[in-house]
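J.: Yeah, the sequence shown ends on 168 if you go by this note's numbering, and it's all consecutive.
Don't read these hints as lab results, they were simulated from the structure. As the structure is a computational prediction, the values presented were derived from the model and not from experiment. Every residue gets a Cβ at the ideal spot worked out from N, C-alpha and C, and that includes glycine. The reader is advised that the hints may include incorrect statements.
Unchecked claim - Just the calculated beta-carbon pair ranges, DEER-fashion: (1) S125 <-> S2: 43 to 53 Å; (2) G113 <-> L72: 34 to 44 Å; (3) R160 <-> V120: 34 to 44 Å; (4) P148 <-> S2: 25 to 35 Å; (5) G123 <-> V153: 21 to 31 Å; (6) G73 <-> V10: 17 to 27 Å; (7) S125 <-> L3: 13 to 23 Å; (8) R159 <-> V120: 19 to 29 Å; (9) V10 <-> T97: 39 to 49 Å; (10) F149 <-> L6: 22 to 32 Å.
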Amino acid sequence: MSLQRLLVGVLTVVTGLLLQVTVLDRLPLPGSAPELLVVVVAAFALTEGPLSGLVTGFGAGLLVDAVSDHQLGRTALALALAGYVTGLIEDDTERSTLLPFAAVALAAVTALGVFVTEGVLLGDSRVSAHAVLVAAFSSVPYAVILTPFVVPVVAGMVRRLDADPLRR
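Assemble the whole structure, with the sequences as input and the hints as a guide.
T.: Here it is, written out as structure tokens:
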């Protein structure tokens, strides 16, 4: 991973977090807010593979945890696992138009599942069946809706930096 790639990753994640906190969390949408960072992590994972997804997800999750009111590390673990699982999908986005949508949906479901499991194990009183259903039926579709706006931009930035991005 080059220094340029690292800087692009950090700037993309910080920009995504700022947009998440200042814009998306304040939108009066039904259910939960769209999770932009899940889509960003999935885009890096699709472009560069599971290692990039894992590292980007962990870093993005730590930033989210720093501005959240729950235990530090919960979102980091959820996004890291979501990035890793998404990175295992072979990148064939030039030929398949549905693959990024399915990959982002998988990342959103994985992140939500890990986060809910952590909440149950840690005794978080905010985790209930109703809250999980509302989050599942709103955050996953919102992430899929954000896919055509985020994944091509992130993939284009990464591919512009490296003529042949490494998939590790």
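J.: If a hint holds in the structure, say so; if it does not, say that too.
T.: Hints and how they fare:
| no. | hint | result |
| --- | --- | --- |
| 1 | S125 <-> S2: 43 to 53 Å | holds, 45 Å |
| 2 | G113 <-> L72: 34 to 44 Å | violated, 20 Å |
| 3 | R160 <-> V120: 34 to 44 Å | holds, 42 Å |
| 4 | P148 <-> S2: 25 to 35 Å | holds, 27 Å |
| 5 | G123 <-> V153: 21 to 31 Å | violated, 39 Å |
| 6 | G73 <-> V10: 17 to 27 Å | holds, 19 Å |
| 7 | S125 <-> L3: 13 to 23 Å | violated, 44 Å |
| 8 | R159 <-> V120: 19 to 29 Å | violated, 40 Å |
| 9 | V10 <-> T97: 39 to 49 Å | violated, 29 Å |
| 10 | F149 <-> L6: 22 to 32 Å | holds, 24 Å |
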